[in-house]
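The lines below spell out each chain.
Protein chains: 2
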Amino acid sequence: MNEDTVIKEFIEVLRKAPKVALFSHVSPDGDCLGSMLAIGRSLENLGKEVIYYNPDPVPKNLLFLPGVSQITRQLPALLPEVLMFVDCTDLGRVKLTKPDIPKANTVLNLDHHISNQAFGHINWIDEKASATGELALSLVTLLGVEIDTDMATNLYTAIVTDSGCFQYSNTTAQTHRLTAQLLDRGIDLANIHHHIFDQKPLSQIRLLQYALNGLELYAEGQLAVMSLRAEDFHKSGAEQELSEGLVNHARSIAGVEVAILLKEIGVKEIRAGLRSNRWLDVNKIAAQFGGGGHNRAAGCTFMGPMEEAKLKLTGAIEEALKNGRNY
Amino acid sequence: MNEDTVIKEFIEVLRKAPKVALFSHVSPDGDCLGSMLAIGRSLENLGKEVIYYNPDPVPKNLLFLPGVSQITRQLPALLPEVLMFVDCTDLGRVKLTKPDIPKANTVLNLDHHISNQAFGHINWIDEKASATGELALSLVTLLGVEIDTDMATNLYTAIVTDSGCFQYSNTTAQTHRLTAQLLDRGIDLANIHHHIFDQKPLSQIRLLQYALNGLELYAEGQLAVMSLRAEDFHKSGAEQELSEGLVNHARSIAGVEVAILLKEIGVKEIRAGLRSNRWLDVNKIAAQFGGGGHNRAAGCTFMGPMEEAKLKLTGAIEEALKNGRNY
Numbered sequence: 001m002n003e004d005t006v007i008k009e010f011i012e013v014l015r016k017a018p019k020v021a022l023f024s025h026v027s028p029d030g031d032c033l034g035s036m037l038a039i040g041r042s043l044e045n046l047g048k049e050v051i052y053y054n055p056d057p058v059p060k061n062l063l064f065l066p067g068v069s070q071i072t073r074q075l076p077a078l079l080p081e082v083l084m085f086v087d088c089t090d091l092g093r094v095k096l097t098k099p100d101i102p103k104a105n106t107v108l109n110l111d112h113h114i115s116n117q118a119f120g121h122i123n124w125i126d127e128k129a130s131a132t133g134e135l136a137l138s139l140v141t142l143l144g145v146e147i148d149t150d151m152a153t154n155l156y157t158a159i160v161t162d163s164g165c166f167q168y169s170n171t172t173a174q175t176h177r178l179t180a181q182l183l184d185r186g187i188d189l190a191n192i193h194h195h196i197f198d199q200k201p202l203s204q205i206r207l208l209q210y211a212l213n214g215l216e217l218y219a220e221g222q223l224a225v226m227s228l229r230a231e232d233f234h235k236s237g238a239e240q241e242l243s244e245g246l247v248n249h250a251r252s253i254a255g256v257e258v259a260i261l262l263k264e265i266g267v268k269e270i271r272a273g274l275r276s277n278r279w280l281d282v283n284k285i286a287a288q289f290g291g292g293g294h295n296r297a298a299g300c301t302f303m304g305p306m307e308e309a310k311l312k313l314t315g316a317i318e319e320a321l322k323n324g325r326n327y
Numbered sequence: 001m002n003e004d005t006v007i008k009e010f011i012e013v014l015r016k017a018p019k020v021a022l023f024s025h026v027s028p029d030g031d032c033l034g035s036m037l038a039i040g041r042s043l044e045n046l047g048k049e050v051i052y053y054n055p056d057p058v059p060k061n062l063l064f065l066p067g068v069s070q071i072t073r074q075l076p077a078l079l080p081e082v083l084m085f086v087d088c089t090d091l092g093r094v095k096l097t098k099p100d101i102p103k104a105n106t107v108l109n110l111d112h113h114i115s116n117q118a119f120g121h122i123n124w125i126d127e128k129a130s131a132t133g134e135l136a137l138s139l140v141t142l143l144g145v146e147i148d149t150d151m152a153t154n155l156y157t158a159i160v161t162d163s164g165c166f167q168y169s170n171t172t173a174q175t176h177r178l179t180a181q182l183l184d185r186g187i188d189l190a191n192i193h194h195h196i197f198d199q200k201p202l203s204q205i206r207l208l209q210y211a212l213n214g215l216e217l218y219a220e221g222q223l224a225v226m227s228l229r230a231e232d233f234h235k236s237g238a239e240q241e242l243s244e245g246l247v248n249h250a251r252s253i254a255g256v257e258v259a260i261l262l263k264e265i266g267v268k269e270i271r272a273g274l275r276s277n278r279w280l281d282v283n284k285i286a287a288q289f290g291g292g293g294h295n296r297a298a299g300c301t302f303m304g305p306m307e308e309a310k311l312k313l314t315g316a317i318e319e320a321l322k323n324g325r326n327y
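If you read the sequences in order, they're chains U and P.
Taken in order, the first sequence gives residues 1 to 327; the numbers are from UniProt numbering.
Taken in order, the second sequence gives residues 1 to 327; the numbers are from UniProt numbering.
FYI, nobody ran anything at the bench for these hints, they're computed from the structure.
Being a predicted model, the structure only gives us computed values, none of them experimental.
Yeah, the Cβ is synthetic: ideal placement off N, Cα and C, and Gly gets one too.
With the C-beta cut set under 10 angstroms, the calculated list includes, among others, these residues of chain P facing chain U:
#: 1; residue: Lys60
#: 2; residue: Leu178
#: 3; residue: His193
#: 4; residue: Lys200
#: 5; residue: Leu215
#: 6; residue: Ala224
#: 7; residue: Ser252
#: 8; residue: Ala254
Here are the simulated BS3-like cross-link-like pairs (lysine-lysine), alpha carbons at most 27 angstroms apart as the crow flies:
#: 9; chain 1: U; residue 1: Lys322; chain 2: U; residue 2: Lys312
#: 10; chain 1: P; residue 1: Lys60; chain 2: P; residue 2: Lys235
#: 11; chain 1: U; residue 1: Lys48; chain 2: U; residue 2: Lys19
#: 12; chain 1: P; residue 1: Lys95; chain 2: P; residue 2: Lys48
#: 13; chain 1: U; residue 1: Lys310; chain 2: U; residue 2: Lys268
#: 14; chain 1: U; residue 1: Lys310; chain 2: P; residue 2: Lys235
#: 15; chain 1: P; residue 1: Lys19; chain 2: P; residue 2: Lys8
#: 16; chain 1: P; residue 1: Lys103; chain 2: P; residue 2: Lys48
#: 17; chain 1: P; residue 1: Lys48; chain 2: P; residue 2: Lys8
#: 18; chain 1: U; residue 1: Lys200; chain 2: P; residue 2: Lys200
#: 19; chain 1: P; residue 1: Lys60; chain 2: U; residue 2: Lys322
#: 20; chain 1: P; residue 1: Lys98; chain 2: P; residue 2: Lys16
#: 21; chain 1: U; residue 1: Lys16; chain 2: U; residue 2: Lys98
#: 22; chain 1: P; residue 1: Lys284; chain 2: P; residue 2: Lys268
#: 23; chain 1: U; residue 1: Lys8; chain 2: U; residue 2: Lys48
#: 24; chain 1: P; residue 1: Lys16; chain 2: P; residue 2: Lys48
#: 25; chain 1: P; residue 1: Lys200; chain 2: U; residue 2: Lys322
#: 26; chain 1: P; residue 1: Lys98; chain 2: P; residue 2: Lys8
#: 27; chain 1: U; residue 1: Lys310; chain 2: P; residue 2: Lys200
#: 28; chain 1: P; residue 1: Lys48; chain 2: P; residue 2: Lys19
#: 29; chain 1: P; residue 1: Lys310; chain 2: U; residue 2: Lys235
#: 30; chain 1: P; residue 1: Lys310; chain 2: U; residue 2: Lys200
#: 31; chain 1: U; residue 1: Lys103; chain 2: U; residue 2: Lys48
#: 32; chain 1: P; residue 1: Lys60; chain 2: P; residue 2: Lys200
#: 33; chain 1: P; residue 1: Lys322; chain 2: U; residue 2: Lys60
#: 34; chain 1: P; residue 1: Lys322; chain 2: U; residue 2: Lys200
#: 35; chain 1: P; residue 1: Lys268; chain 2: P; residue 2: Lys235
Derived Cβ-Cβ restraints for the label pairs, each shown as a range:
#: 36; chain 1: P; residue 1: Asp148; chain 2: U; residue 2: Leu79; range: 52 to 62 angstroms
#: 37; chain 1: P; residue 1: Thr141; chain 2: U; residue 2: Asn2; range: 33 to 43 angstroms
#: 38; chain 1: P; residue 1: Asp281; chain 2: U; residue 2: Gly237; range: 24 to 34 angstroms
#: 39; chain 1: U; residue 1: Ala297; chain 2: P; residue 2: Asp148; range: 24 to 34 angstroms
#: 40; chain 1: U; residue 1: Phe197; chain 2: P; residue 2: Asn191; range: 20 to 30 angstroms
Model the full assembly from the supplied sequences, consistent with the hints where possible.
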């Protein structure tokens, strides 16, 4: 089936369904929730009954999304005939397995992840989209439903989240074209950005403080190293996840090619996150220590004290920096 | 003259000119340089001679802009007949005064600042544009020049800078539509973002560290206060300007309505920057101490020690917070 046929069938199934259950993934983010809510509203506008399901609670900073109170964590005893999965690479992302899906049901799968398992009967997968929100906007348009301000707010949140505020490399001309359509609906940008970006837990700011206090530069400023000890997490009250992204403060320093954040995640267990800016393959570095990832973002784990992990990792990176692009 | 007529005449003058001098403002930023370089290239493509003038050196992080080496800090002894000012509210922004401009010359003025003094013979001012880059793109299009990758890189830099990466409230549907056109030209987003956003001086990161070390919360977490002493600037090696924007780290903490940054800028001279998120009018607060600004961003200066300034300002803000929207 070519892409056009897939999309046509996808829309056809939705048009005919009197009732649709929408599923979005665990640890929900702006893309899965915004896309699900906008699609659901458009189906409701067509007179359909809609179930909005997510296995986890909605994060505080997304409670402003229009329609968010309709989302349930309770799977209905009797599923409707049409089930649609939004932004989910596989059934595990909604804590389901294949036997949970009645055989007679039709499974629709809408996603932009290249790793999507194509587990649906109809799979509308487009990995060129920066967010599932882009596909959701196309879907709503194809359903012939007019985008209202609430839908636009949800879809904008989806796109701005997954495109990293239009900074990630998945951002395309189409991303901006679709976003323009949403801004035409008169959404309140300042309010949306405030909710999404300005709701950092104090504990996260404290973690940043501790990470900066330990910031060291090596290799004539090409390597920036930050570390967080177990006591830093304890003092700040922050969970491990909140250290996500802190390494970018080190990466953004002029002259830095590689930045690492070392975290004490257990007794003599150190997790390292590596980022590079332009050329150094941190995947190769991480692989030396049994880890992996991508060229520009990778990770590995050390068993032993922090100082030892730091010594090994900075040594390997300094060597690679010295060898330059030929390492 | 209505807007269409202005634009038509603007284009007409440029079409006829064999030689054009372009001017951009002191302390150059991505918008004035990117716009100037893209316009200049389009005029060169039409066979015209172009002078690119800026009174200040180009900041390091903008040295990647295509064509940047053509910019001169030397005003030519003999100015061409047509002079075009890009992103300049008045002549003072290029360190000129009226007598510097020969009477017979034609002055074109392209800008998006609402405070523009309309000092040109033809003034194409559009304060609805997020950046002068938006107007520059329209101009190049009206000149009938095809946008190449270099021009698109310059114009994207202009727009992404002045729209705060599409986050400022001046961002419109048109901003995104024009950006889509630029992305169609195949620009290297990762490279541009790296140059613009990931070139922070280490001294600025150190300032952030010191500011966070002094972070205090008041009024049950609604007020966040940071302060930087003269010795902090000294230790970090950072100039005053580098503290610009640090207050936003405090503003982005969940629950915070007002954030302030106090800076010791002289002997017993404290400069306060105030930001609010949703409702508190910090302009009113600053005005109580002889300062001013806008509803959401204002500033004032205290003569006296840091502790006294902090006491006065936090007192006034706590009072305002207590009185709520009725204060």
